[in-house]
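What follows is the residue order along each chain.
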Amino acid sequence: MQKYDIVANGLRGLNKALQEQEIDTNQTRWEIINPKGSHAIAVGVKAPIEVTIKGSTGYYCAGMNQLATVRIEGSVGPGVAENMMSGTVIVEGDASQYAGATGHGGLLLIRGNASSRCGISMKGIDIVVQGNIGHMSAFMGQSGNLVVCGNAGEALGDSLYEANIFVRGSVKSLGVDCVEKEMNSALMSNLQSLLDQSNIKVAVEDFKRFGSARKLYNFSIDNAY
Amino acid sequence: MCGIVGLFLKDQALKERLGNLLEGMLISMTDRGPDSAGIAVYGKPKSGRIKITVQSDSSDFDFKTLKDELLKKIDESIILQRNDSHAVLTVNASKSDAVRNVILNSSMNLRVISEGESIEIYKAVGEPRQVASRFHLSEMCGSHAVGHTRMATESAVTTEGAHPFSTGKDQCLVHNGSLSNHNSLRRRLIRKGLRIESMNDTEVGAAYLTWKMQNGDSLDEALANSLRDLDGFFTFVVGTKNGFGVVRDPIACKPAVLAETDQYVAFGSEYRALVHLPEIETAEVWEPEPATVYFWNH
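These protein sequence lines are chains A and B, in that order.
Remember, the numbering used here sits 313 above the position in the first sequence when you count from 1.
Remember, the numbering used here sits 44 above the position in the second sequence when you count from 1.
Quick caveat, the hints were computed from the structure, so don't treat them as lab data.
Zero decoy hints are in this set.
Only pairs whose alpha carbons sit at most 25 Å apart, straight line, appear in this in silico DSS-like list of lysine-lysine:
#: 1; chain 1: B; residue 1: Lys-117; chain 2: B; residue 2: Lys-213
#: 2; chain 1: A; residue 1: Lys-359; chain 2: A; residue 2: Lys-329
#: 3; chain 1: B; residue 1: Lys-298; chain 2: A; residue 2: Lys-349
#: 4; chain 1: B; residue 1: Lys-298; chain 2: A; residue 2: Lys-485
If you only want the chain B side, here are some residues facing chain A, beta carbon under 10 Å, derived:
#: 5; residue: Ser-72
#: 6; residue: Pro-294
#: 7; residue: Ile-295
#: 8; residue: Ala-296
#: 9; residue: Cys-297
#: 10; residue: Pro-299
#: 11; residue: Val-301
#: 12; residue: Val-319
#: 13; residue: His-320
#: 14; residue: Glu-325
#: 15; residue: Val-329
#: 16; residue: Trp-330
#: 17; residue: Glu-331
#: 18; residue: Glu-333
#: 19; residue: Pro-334
With the Cβ distance kept under 7 Å, some of the chain A side facing chain B (calculated, not the full set):
#: 20; residue: Lys-349
#: 21; residue: Ser-369
#: 22; residue: Ser-429
Just so it is clear, CB atoms sit at the ideal spot from N, CA and C, and this is done for glycine as well.
Take these sequences, add in the hints, and give me the full structure.
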């Protein structure tokens, strides 16, 4: 196990060391101490390593992640796992705004609540939130799954493209062009798999599914250039 | 951008450490606002006395001239405590308007930046670390305090544009964001008799809250009304003689973190601002909800 103290050794040294790990590295487990809310911890990691951060972080933790599993034993600031490509990011506490924004792939699991704009412009990432999410979540979501075990805030799924949203609790309001849609067996099995990966024991039957009504201007072929 | 910090003590055993704790919080927000910094500290009120914080553009200003003039024209009992380019005058409550008039009508080019039973404000252009050290923030005591690090957007980088703004007795406001209807609101508030001295948007926000409170609102009611009448982006932290309030606009782009323990309530634009506080590891830490007023009172 590699141990790194951010206060003693600095953030740049940490990110350099993590980014230098190749796919076949034998330094596969890292423990980061004293994060103290620092920004951009463990960004741009592209090897299948396990990184555990012992405490809360600031902006953009685990951004652009590929292959790595990053676990944060605390809460995270804005933009956790922003533009993640693959791998897994697990937040044991809460996440601030735009968690998983623009993510292309991988799994972002938030054990607490996520605030506003969770999964904004998501492009294939799977996001599972065990608690609640704030307003304008999945805004302009293009693909991927947003699973919310608690409640969703205002304007859920505004201007959605093809992302799927599953909410177990209440939805304060739906955004423009977002509607409740029927569940089907393929979606339910996908949802079950995400819950299993997240080790969350709730029934898939309790969830409602939301998606795009495809009525906005950009969905009409007559408006194409 | 901009950084906000605030500390409201529930346990007065910490009051000797208020300035010291706030200094660490303020400096941690330097990269959110490196161009100016300011603080409002609420100390112990003295019965029948009012504190007036006066500010000069120059660290070399000879405040003795001011004191002599005030002693001659107003009162024998005025106390003047100089702190770099600022001075706090402690005067009999009945004389505060007269003192203010002498200051504003003199040729000394001084500004009155706060007035009240317990509030003192210090603010200047410069990095937060320099500003804190210039005014000896770490030595200050009190029951609550707010601080601001500024990255200017709506008005120039000047001492007048630095936060906190105080437009009513013992009231102050710090702001992260920008208001878009401040020009029209400034005209309306000036017509209603409010004193607004800069072109800064936040000062208009402060004057709005003062106006609401003059008309019977409590601080939490005034903050709730601000959500309807102020247009733009804001995370506000407000101080009054006994209270400390937080509100964010409904879009809530501007970051905010609150922490509470048995000893204090703390606000930071980011969690980084709170990491040096005692027992922060076991504090309840949360992000304030949009369009929701949070308020604590002694």
